[in-house]
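Q: Here is how the chains run, residue by residue.
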Amino acid sequence: MLAIRSELARDSGSSERVRLARELRDVSKQWSSALAPMDRVRLARNPARPQTLDYVGLLIRDFIEIHGDRRFADDPAIVAGLGYFGTRPVAIVGHQRGHSTSERLRRNFGKPHPEGYRKAARLYLLAHRFGLPLITFVDTQGAEPGVGAEERGQAEAIAANLELMARLETPVITCIIGEGGSGGALALAVANVVLIQENACYSVITPEGCAAILFRSAGPEKVDDVARVLRLSAADLKALGVVDEIVTEPAGGAHMDPQAAARELGAVLRRSLARMDRMTPQALRRSREAKFAAMGSPYLLDDCLENRRLPG
Amino acid sequence: MAPDEKSLHDNDKSGRDSVTADPQTREDAGESSADIWVKCPACKEVAFRKEVERNLNVCTRCGFHFRLSVEQRLAVTADRGSWRELLADVAIGDPLGFIDSRPYPMRLAEARRSTGRNDAVVVGLARIVGRRVALGVMDFDFMGGSMGTVVGEKLARLFAKALHEGLPVVVFSASGGARMQEGALSLMQMAKVAAAIGRLRDARLPYISVLCDPTTGGVAASFATLGDLNLAEPGALVGFAGRRVIEQTTNRQLPDDFQRAEFLLNHGMIDAIVERRAMRSTLAQLLAMLTAGGRAPGRRGRSAKAR
Ligand SMILES: [Zn+2]
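Chains as they are written, first to last, in this note's numbering: chain A, 1 to 312; chain B, 1 to 307.
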């Protein structure tokens, strides 16, 4: 794959370029579909992958960051702000894990405290009040498990966001760009449209956490097994109805070419927003509620339904 | 979410002790000594089981609240003969094809056999001191009370039913969190129920959440903390992350009362701790006061749609 890429970088004739690009795409597809689920999780966690602020930099003009929950603190694990997406002002909320070690430490590796969720809630309300579309980026292993987080109501902070997001009378689009980990991710993801990048994942629990509970001693092979049965890949989540659309990534993953990844994501965001243009505020809320009300329903058993299951 | 189940599995036995042993075992065991006596895990007092049961499964010496089974909870909460269960037949298959040491369908079958229920919550209509309510009770004995698609669906439909009939809602939670075996579908149930609560709230119908021992993870982070009022039983463990996970990540020993109801009260996270013997009357009084303002719609009230 790298060989093709370097050939591409050299100046070859345009028809040659097209052929090489197609080849790269194919090889990358094969590579991507051959990834074991746990490799996929590692790819989703790769610190070189573009993060919320990278996409904001590439897609949003005149971004102004909004800080703090007006209660306790500003949580750097979640960034929030206002800016223009194309010609439209939008509200942005996303987890930020950080790239460098020092940034990662400062941002608590993207694991929010309650004040992060309460800052997010302020942006949700702004978006609702002023009719701004809300775009969220999900990229967290989960909410911070810690003493302070518990003392300040981590559970309540997440719960409140779930209800609040569900009731917003404005378009809400979520893109899962890295690891979507449990309630800490969902508190940013009750959206009309949930997008997921090809190599991102979304799960009720990390494979490591799940293996630790199910098998006590969680060796790497158990973690691999659990990652497989959790069905956390983009394709599985699409089949389950948990996400609406898979956003393709450049060959080898979004970090190989952040600009191309942003272009792709931007195009899908624009298309998704346009589709909601003619919906009334009430219809936006209703359809979001209906979407989540139906989650998992196809798998409920009653007299007339057979036992459905994902293939594979 | 589910990290919390870890700690639950660990103290599974101690917290529940033997008072809530399932009825079948109790019958089969005949008159063994464990049947006649019960030891309080808090003060170690050994007392007549009958006496403790008469005391609503609260230790007569120190006031320790034993966990209740669903049947026991309904018996001490709803007016006699008023309970009408709804949606008892809703059940799940195996959407993910999940298998760990045993396949999910096998775990489900065992839980169904031992509890006599399809999943980890019962919902229905009841009266509490004469007042009609929509009532949900979680079953911790069913796979740690974990929330999968059935729990989410039944509760969401309970809230919808309450909205339609103009009834207040009371839910007793007891859960380790989201059910890993249904993967992301379990996670989505948190949003499903939260959205249904949003509708009830708009209609100004009261919802009282009662946090019982234990309520953690994805259940704590959704409907259990979304009540107009959030009450807790004394000593109930309530939190987002599991105690063990926090101890491991912070490398620090946590105080005994960490994540207990009293700890939450001190940090301003719950509205009141209510002892079991006062629960029924407290619920009835609160519901009476909340509905006296005349803002709630009547039965099938049109105004349910209005803000
Ligand atoms: Zn005692």
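Any given hint might turn out to be false.
Said to hold, decoys possible - Computed footprint of chain A on chain B, listed as stretches where at least three residues anywhere in the stretch have a Cβ under 8 Å from a Cβ of chain A:
| id | region |
| --- | --- |
| 1 | 43-56 |
| 2 | 61-69 |
| 3 | 81-95 |
| 4 | 119-126 |
| 5 | 272-286 |
Said to hold, decoys possible - Short, incomplete list of chain A residues facing chain B, as computed with Cβ under 10 Å:
| id | residue |
| --- | --- |
| 6 | V147 |
| 7 | A160 |
| 8 | A235 |
| 9 | G241 |
| 10 | V242 |
| 11 | I246 |
| 12 | A267 |
Unchecked claim - Estimated spans, in silico, between C-beta atoms of each pair:
| id | chain 1 | residue 1 | chain 2 | residue 2 | range |
| --- | --- | --- | --- | --- | --- |
| 13 | A | K238 | B | A160 | 25 to 35 Å |
| 14 | B | G294 | A | E103 | 49 to 59 Å |
| 15 | A | R216 | B | M106 | 13 to 23 Å |
| 16 | B | G63 | A | H99 | 32 to 42 Å |
| 17 | A | A294 | B | L265 | 58 to 68 Å |
| 18 | B | T250 | A | H99 | 20 to 30 Å |
| 19 | B | T250 | A | I66 | 52 to 62 Å |
| 20 | A | A290 | B | G97 | 21 to 31 Å |
| 21 | A | A290 | B | M106 | 58 to 68 Å |
Keep in mind that the hints were calculated from the coordinates and are not lab data.
For glycine and all other residues, C-beta sits at the position ideal for the given N, C-alpha and C.
Q: Determine for every hint whether it applies to the structure shown.
A: To see whether the hints hold, each was checked on the structure:
Against chain A, the region 43-56 of chain B contributes 0 residues with a C-beta closer than 8 Å to a partner C-beta. That does not satisfy the three-residue criterion, and the hint is violated. Proximity of the region 61-69 of chain B to chain A, defined as three or more residues with a beta carbon under 8 Å from a beta carbon of that chain, is not established by the 0 residues found. A stretch counts as covered by a chain when three or more of its residues have a beta carbon under 8 Å from one of that chain; for the region 81-95 of chain B and chain A the count is 7, and the coverage holds. Counting residues of the region 119-126 of chain B whose C-beta sits closer than 8 Å to any C-beta of chain A gives 0, which falls short of three, so the coverage hint is violated.
Beta-carbon proximity to chain A at under 8 Å applies to 0 residues in the region 272-286 of chain B; the threshold of 3 is not reached and the given coverage is violated. Hint on A/V147 holds. Least Cβ distance to chain B is approximately 6 Å, under the 10 Å limit. Annotation: A/A160 was flagged as interfacial toward chain B, and the flag holds, the nearest CB pair being 7 Å apart, inside 10 Å. For A/A235, the shortest C-beta to C-beta distance to chain B is roughly 13 Å, which exceeds 10 Å, and the interface hint is violated.
The closest approach between the C-beta of A/G241 and any C-beta of chain B is roughly 8 Å, which is under the 10 Å cut-off, so the hint is satisfied. Proximity of A/V242 to chain B holds as hinted, the smallest CB-CB distance being about 5 Å (cut-off 10 Å). Taken as an interface hint, A/I246 does not check out: its beta carbon lies about 14 Å from the nearest beta carbon of chain B, beyond 10 Å. Because the closest C-beta pair between A/A267 and chain B is about 25 Å apart, greater than 10 Å, the hint is violated.
Checked against the hint of 25 to 35 Å, the pair A/K238 and B/A160 passes, with Cβ atoms roughly 27 Å apart. Range check, B/G294 to A/E103: about 54 Å between beta-carbon atoms, so the 49 to 59 Å window is met. For A/R216 paired with B/M106, a C-beta distance near 19 Å keeps the hint of 13 to 23 Å intact. The supplied range of 32 to 42 Å is broken by B/G63 and A/H99, whose beta-carbon atoms lie about 53 Å from each other.
Remark: the range hint 58 to 68 Å for A/A294 to B/L265 is contradicted by a beta-carbon distance near 38 Å. Between B/T250 and A/H99, the C-beta spacing of about 25 Å keeps the proposed range 20 to 30 Å intact. Hint check: B/T250 to A/I66, Cβ distance near 30 Å, so the stated range 52 to 62 Å is violated. Separated by about 27 Å at the C-beta atoms, A/A290 and B/G97 satisfy the suggested range of 21 to 31 Å.
Under the hint 58 to 68 Å, the C-beta atoms of A/A290 and B/M106, about 34 Å apart, miss the expected range.
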